[in-house]
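Engineer: With chain A held as given, fit chain B with the ligands onto it using these hints.
Chains A and B supply the protein sequences, listed in that same order.
Here the first sequence stands for residues 2 to 249, numbered as in the working numbering.
Here the second sequence stands for residues 699 to 948, numbered as in the working numbering.
No lab work stands behind these hints, which were simulated from the structure alone.
There may be inaccurate statements among the hints.
Some, not all, of what chain B presents toward chain A, calculated at C-beta under 7 Å [as the list claims (entries may be wrong)]:
1) Ala763
2) Leu766
3) Pro770
4) His771
5) Ala775
6) Ala776
7) Leu780
8) Val786
9) Gly790
10) Ser800
11) Gln804
If you want the ones that stay clear, here's a sample from chain B, every Cβ over 10 Å from chain A, calculated [claimed, not checked]:
12) Thr721
13) Ser757
14) Pro789
15) Ala801
16) Ala803
17) Met833
18) Glu894
19) Arg905
Pulled a few chain B residues facing chain A out of the computed Cβ check, cut under 7 Å [what the hints assert, rightly or not]:
20) Gly746
21) Arg748
22) Ala774
23) Ile788
24) Val791
25) Glu799
Glycine residues also receive a C-beta, built at the ideal position from the N, C-alpha and C atoms.
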Amino acid sequence: MTVETLPTRAAEDWRYADVEALKALWPIAAPELVTVPAGGSFSRTILQTGGGVTRLSLVLESKATAVVHILNAGGPYARVEVDVLLHEGADFTLGGAQLAGEGETVEIVTTVTHAQPNATSRQLVRSVAAARGVASYLGKVKVERGADGTDGEQSVRAMLLDRTATANARPELEIYADSVKCAHGCAVGELDANGLFYLASRGVPPAQAKALMLSAFVAEAFDGAEEGDNLQAHAQALLEKALLEGKA
Amino acid sequence: MLTITDLHASVADKPILKGLSLTINPGEIHAIMGPNGAGKSTLGYTLGGRPGYEVTGGSATLDGADLLELEPHERAAAGLFLGFQYPVEIPGVSFVQFLRESANAQRKSRGEEPLSGAEFLKLAREKAALLKMDMEMLKRPVNVGFSGGEKKRAEMVQMGILDPKLAILDETDSGLDIDALRICGEGINAIMRKPEKSVLLITHYQRLLDYVKPDFVHVLAGGRIVKSGGPELALTLEERGYEAVEGAGA
Ligand SMILES: Nc1ncnc2c1ncn2[C@@H]1O[C@H](COP(=O)(O)OP(=O)(O)O)[C@@H](O)[C@H]1O
Ligand SMILES: [Mg+2]
Numbered sequence: 002m003t004v005e006t007l008p009t010r011a012a013e014d015w016r017y018a019d020v021e022a023l024k025a026l027w028p029i030a031a032p033e034l035v036t037v038p039a040g041g042s043f044s045r046t047i048l049q050t051g052g053g054v055t056r057l058s059l060v061l062e063s064k065a066t067a068v069v070h071i072l073n074a075g076g077p078y079a080r081v082e083v084d085v086l087l088h089e090g091a092d093f094t095l096g097g098a099q100l101a102g103e104g105e106t107v108e109i110v111t112t113v114t115h116a117q118p119n120a121t122s123r124q125l126v127r128s129v130a131a132a133r134g135v136a137s138y139l140g141k142v143k144v145e146r147g148a149d150g151t152d153g154e155q156s157v158r159a160m161l162l163d164r165t166a167t168a169n170a171r172p173e174l175e176i177y178a179d180s181v182k183c184a185h186g187c188a189v190g191e192l193d194a195n196g197l198f199y200l201a202s203r204g205v206p207p208a209q210a211k212a213l214m215l216s217a218f219v220a221e222a223f224d225g226a227e228e229g230d231n232l233q234a235h236a237q238a239l240l241e242k243a244l245l246e247g248k249a
Numbered sequence: 699m700l701t702i703t704d705l706h707a708s709v710a711d712k713p714i715l716k717g718l719s720l721t722i723n724p725g726e727i728h729a730i731m732g733p734n735g736a737g738k739s740t741l742g743y744t745l746g747g748r749p750g751y752e753v754t755g756g757s758a759t760l761d762g763a764d765l766l767e768l769e770p771h772e773r774a775a776a777g778l779f780l781g782f783q784y785p786v787e788i789p790g791v792s793f794v795q796f797l798r799e800s801a802n803a804q805r806k807s808r809g810e811e812p813l814s815g816a817e818f819l820k821l822a823r824e825k826a827a828l829l830k831m832d833m834e835m836l837k838r839p840v841n842v843g844f845s846g847g848e849k850k851r852a853e854m855v856q857m858g859i860l861d862p863k864l865a866i867l868d869e870t871d872s873g874l875d876i877d878a879l880r881i882c883g884e885g886i887n888a889i890m891r892k893p894e895k896s897v898l899l900i901t902h903y904q905r906l907l908d909y910v911k912p913d914f915v916h917v918l919a920g921g922r923i924v925k926s927g928g929p930e931l932a933l934t935l936e937e938r939g940y941e942a943v944e945g946a947g948a
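In isolation and in its complexed conformation, chain A is listed as follows (with noise of 0.2 Å):
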């Protein structure tokens, strides 16, 4: 999908976006086209901190695998769109954590499509949405005719840390084909205020408790990541930032 025009929010993809702040980003760049051939692999880290779009369109063909970490924030405006075509027996992992802290707007649109049998697909995303930050998250999985023993999984929560933040989250399965397993969990929530407790209660100030239960939070995102080190890294940076400027 290429974007000529400036999209309005009546588009379903751009729903959530912060239209204004993409017109100071416009026009943006077509998607990068990345084609796994059969049996391959292919690994990529979207380290996106200071807002913008980034866009990446991967087909992967037989057997092959694909896995893709994302940490999205800053502002005005942050967002990832990842579309996938998977072909048969293809695998394809994502990971994303994002945090929208006050005035931004961060997002992570995925479009999975599972066009032949028994690919496979886990999506997890982290979102921590602040102040009056907007966090969303729009994953489209589907399914087309034909693609039997499809095993799709998304796995989607979002923080949230003050009364004023948001977060969306739309998990879409569009179902074609049989015998397919698909599971979507989503949740969206608050730290847990035992655990701030218990942490205070052994000495810890609450801006690090939170830093520190925000960061295990997001860190489910960068499982296995091959720069998991550095993506934690300034996850934790940005997180604690964010908490100590009093923003959150």
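Structural biologist: This is chain B with the ligands only, laid out in the frame that chain A set:
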């Protein structure tokens, strides 16, 4: 050490502590017993500063400092340790990381140098050994997947590492088998039985008191201390129940 005077506290606008007074001197071990719902845990949480536990009257000082004015983490740095009746699970955060941050946050607020990774691990290993806890368990996420007894032993390891002046231990003995009870009891003695430290044990049973001999025993009922005595009071309660104590009927 700890002076509580006419303390009143409410939870969800419901008065729970109704004029509780208690003084604990350095070197003393006190036990609080009382029927379910008497307010024992509420006392611990109120002194620890748990959100939702609102002080409506009275005072509590730790070595002269107004405990009730301090934030929960400042109370810890001032030397208070709260052993939880139900220790909290924190997924994704390891005990080692949690305890090192705890210890160093306390040291920082007291103007002391932080412990290096090596210094901390040495200390943690020593305290884990004292409680016969495998060091590997401390590399796991805080309390996640721990049995009830393991959680209580981990609480005592934390107490050993944090080295508080005053420990309030809320039903540390519940959920422990005979061996774990002895290990925890000996751990409490090793860590806290010192002339400059004090302990407030909250318990239902005499059995912990066989290991950790209290100097004073109090009965808490209806939000107040209704009777105080020596160790023999715990034996009387064990034999005759709270009904035998004036004003303490469940
Ligand atoms: N979070 C809470 N919300 C409402 N009531 C509570 C809460 N916590 C405790 N209580 C009430 O306070 C009273 C004392 O409870 P607690 O301090 O836990 O007693 P104990 O530890 O002596 O068994 C009980 O009546 C209990 O129902
Ligand atoms: Mg209790």
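Engineer: Each hint: holds or not?
Structural biologist: Evaluated hints:
{"no.": "1", "hint": "Ala763", "result": "15 Å, violated"}
{"no.": "2", "hint": "Leu766", "result": "15 Å, violated"}
{"no.": "3", "hint": "Pro770", "result": "4 Å, holds"}
{"no.": "4", "hint": "His771", "result": "5 Å, holds"}
{"no.": "5", "hint": "Ala775", "result": "5 Å, holds"}
{"no.": "6", "hint": "Ala776", "result": "10 Å, violated"}
{"no.": "7", "hint": "Leu780", "result": "5 Å, holds"}
{"no.": "8", "hint": "Val786", "result": "4 Å, holds"}
{"no.": "9", "hint": "Gly790", "result": "3 Å, holds"}
{"no.": "10", "hint": "Ser800", "result": "4 Å, holds"}
{"no.": "11", "hint": "Gln804", "result": "4 Å, holds"}
{"no.": "12", "hint": "Thr721", "result": "23 Å, holds"}
{"no.": "13", "hint": "Ser757", "result": "20 Å, holds"}
{"no.": "14", "hint": "Pro789", "result": "6 Å, violated"}
{"no.": "15", "hint": "Ala801", "result": "7 Å, violated"}
{"no.": "16", "hint": "Ala803", "result": "5 Å, violated"}
{"no.": "17", "hint": "Met833", "result": "19 Å, holds"}
{"no.": "18", "hint": "Glu894", "result": "19 Å, holds"}
{"no.": "19", "hint": "Arg905", "result": "26 Å, holds"}
{"no.": "20", "hint": "Gly746", "result": "5 Å, holds"}
{"no.": "21", "hint": "Arg748", "result": "5 Å, holds"}
{"no.": "22", "hint": "Ala774", "result": "4 Å, holds"}
{"no.": "23", "hint": "Ile788", "result": "5 Å, holds"}
{"no.": "24", "hint": "Val791", "result": "5 Å, holds"}
{"no.": "25", "hint": "Glu799", "result": "6 Å, holds"}
The earlier numbered hints that this structure contradicts are 1, 2, 6, 14, 15, 16.
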